[in-house]
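**Student:** Keeping their order, the protein sequence lines are chains D and E. 1 is the number of the first residue of the first sequence in the working numbering; add one for each residue after it. 1001 is the number of the first residue of the second sequence in the working numbering; add one for each residue after it.
Worth flagging that the hints you see were computed from the coordinates, not collected in a lab. Since the structure is predicted, the reported quantities are computational estimates derived from the model, not experimental observations. The C-beta atom is built at its ideal place from N, Cα and C for all residues, glycine as well. Please note that a few of the clues may not be correct.
To be verified - Taking lysine to any residue and the SDA-like style, the derived pairs with C-alpha atoms no more than 20 angstroms apart in a straight line are: (1) D/K80 - E/H1003; (2) E/K1118 - D/K54; (3) D/K54 - E/P1006; (4) D/K41 - E/D1044; (5) D/K54 - E/H1133; (6) E/K1118 - E/G1085; (7) E/K1037 - E/H1003; (8) D/K41 - E/K1118; (9) D/K41 - E/Q1072; (10) D/K41 - D/K80; (11) E/K1092 - E/Q1072; (12) D/K54 - E/Q1072; (13) D/K41 - E/T1076; (14) D/K80 - E/H1133; (15) E/K1118 - E/E1155.
Claimed, not checked - So the derived list for chain D, only partly shown, Cβ under 10 angstroms to chain E, looks like this: (16) S4; (17) P5; (18) R10; (19) S12; (20) A15.
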Amino acid sequence: MLPSPFAFERPSTIAGAVRAVGKSGDGMFYSGGTELLLALKLRVIHTDRLIDIKGINGLDRIALNDANDIELGARCTHNKIANDPVIRAHVPALSSLCANVANIRIRSVGTIGGNLCFGEPHADPLTMLAALDARLVLIGPSGTRVVHADDFIRSELETVREPDELLTVIAFSRPTGPVTYRRFKHGERPSVNVAMAWSLGPSGRTIRSARVRVGALGSRPQPLKAIEDVLQGISVAEVRPAIEAVLPTALGELEVNEDRHGGAEYKRHLAGVLLLRNADEAIAAAGSA
Amino acid sequence: MTHVLPISFSLNGQAIAIDVPAHTLLIDLIRDRLGLKGTKRSCDMEVCGACTVLLDGEPISSCTTLAVDVDQREVTTIEGVTPPGGLSRIQKAFVLHGGLQCGFCTPGFIMAVTALLKATPHPTDEEIRHYLHGNLCRCTGYAKIVEAVRSLAAEQVSEDAAEPVAR
């Protein structure tokens, strides 16, 4: 199907893009279009103007900065992140996640920022970025603000980003322990996914803190607080029995939508299986470090 | 409001300069205005791969790409990888191994395999399946397609191995 007609602008700066989107009517930022064009073709979204951000320099940069933060430009394609040497060296699980988003054509043009801004609950990246406690940098007409990945989703397909705010950078501290991610899926989008990030103590044998997020079950990734609490301060060797002891309680606290991906009990069960497999991988990674 | 933009791009090596409405999809430009019908529209939602073309060598879904986005870039379609009056080595391998039946998905597969072999000349079975995961075929069951691609990977290996002797 053909989208309704719209105007097309190609600003070369962030300020120019923010101005262009806000000047009148319903302007929208546009990059890969892998989600937006689908919605425009189905005519469930309407826009007067697409503001193409592909001509803005620097939005596809990946770097480890002086503050030991990894910065991902919002316009980085999934393929770029998958193949980036900085990401491969410091967060191989993110590289692998991006190498398996949807299909090769989506990964060629689809961007991490577009994926986040679309707010699709059945998506891969946000679950891991929430486990990594990533910050999302939004630039709008009244300045810059930073939103934590956990707080970015307002509801299904809706984020806290204002229409004239451009997501420019996603930043997170360089991980100091294993990061793991697993998903279960029928089609191209995950039915359930689980990401876990450990911060290890100096010996590498003790967990200082852990963040666990379960995605695709509700509108946004959810923390497994009971698991995070029980992992804090224990040795890597104690992880498996510690998780198993609180797993039923932790899974019981998840809000789960029943949909074509499955019923609530089934998806809770899958989340538990994925979490335990992530734990086994993290234990092995900590042991070999 | 229709907003028309001039674009210039290379289509299978030929320079094209044309005015397009901003909301024109690449597949419609290629098929309807430029008359190259080898690229197929099927799912229209980036899932099936029938409309795959290469943009600067990377596979994309032409059904969900704006024509204005190919401005100043190189587009390759199935017509661009088919020698006049014959078949390419990838196409021959599909025929030889029975990698097609009805043939509707085949142009998309050929384009994806073209990109795969350029990036990874000797893919493993796992790499072949991972790369082609987003191209759907409802006839072959995929085994014959993987077999065809595997034969190309092997063929290149034996050619490479033979090179020092040939010199």
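**Student:** For each hint, tell me whether it holds in the structure or not.
**Tutor:** Outcome of the hint check:
1. D/K80 - E/H1003: violated (31 angstroms)
2. E/K1118 - D/K54: violated (25 angstroms)
3. D/K54 - E/P1006: holds (18 angstroms)
4. D/K41 - E/D1044: holds (9 angstroms)
5. D/K54 - E/H1133: violated (27 angstroms)
6. E/K1118 - E/G1085: It is violated: about 23 angstroms lies between the C-alpha atoms, which goes past 20 angstroms.
7. E/K1037 - E/H1003: violated (26 angstroms)
8. D/K41 - E/K1118: Measuring from Cα to Cα gives roughly 32 angstroms; hence the hint is violated.
9. D/K41 - E/Q1072: At roughly 25 angstroms apart (the allowed maximum being 20 angstroms), E/Q1072 and D/K41 break the hint.
10. D/K41 - D/K80: It is violated: about 27 angstroms lies between the C-alpha atoms, which goes past 20 angstroms.
11. E/K1092 - E/Q1072: violated (32 angstroms)
12. D/K54 - E/Q1072: Between D/K54 and E/Q1072 the Cα gap is close to 13 angstroms, so the pair holds against 20 angstroms.
13. D/K41 - E/T1076: violated (24 angstroms)
14. D/K80 - E/H1133: holds (19 angstroms)
15. E/K1118 - E/E1155: The given pair, whose Cα atoms are some 14 angstroms apart, holds under the 20 angstroms limit.
16. S4: At 7 angstroms from the nearest chain E Cβ, D/S4 passes the 10 angstroms test, so the hint holds.
17. P5: holds (5 angstroms)
18. R10: holds (9 angstroms)
19. S12: violated (15 angstroms)
20. A15: This interface hint is violated because 22 angstroms lies over the 10 angstroms limit.
In summary, the structure is inconsistent with hints 1, 2, 5, 6, 7, 8, 9, 10, 11, 13, 19 and 20 from the numbered list given earlier, while agreeing with the others.
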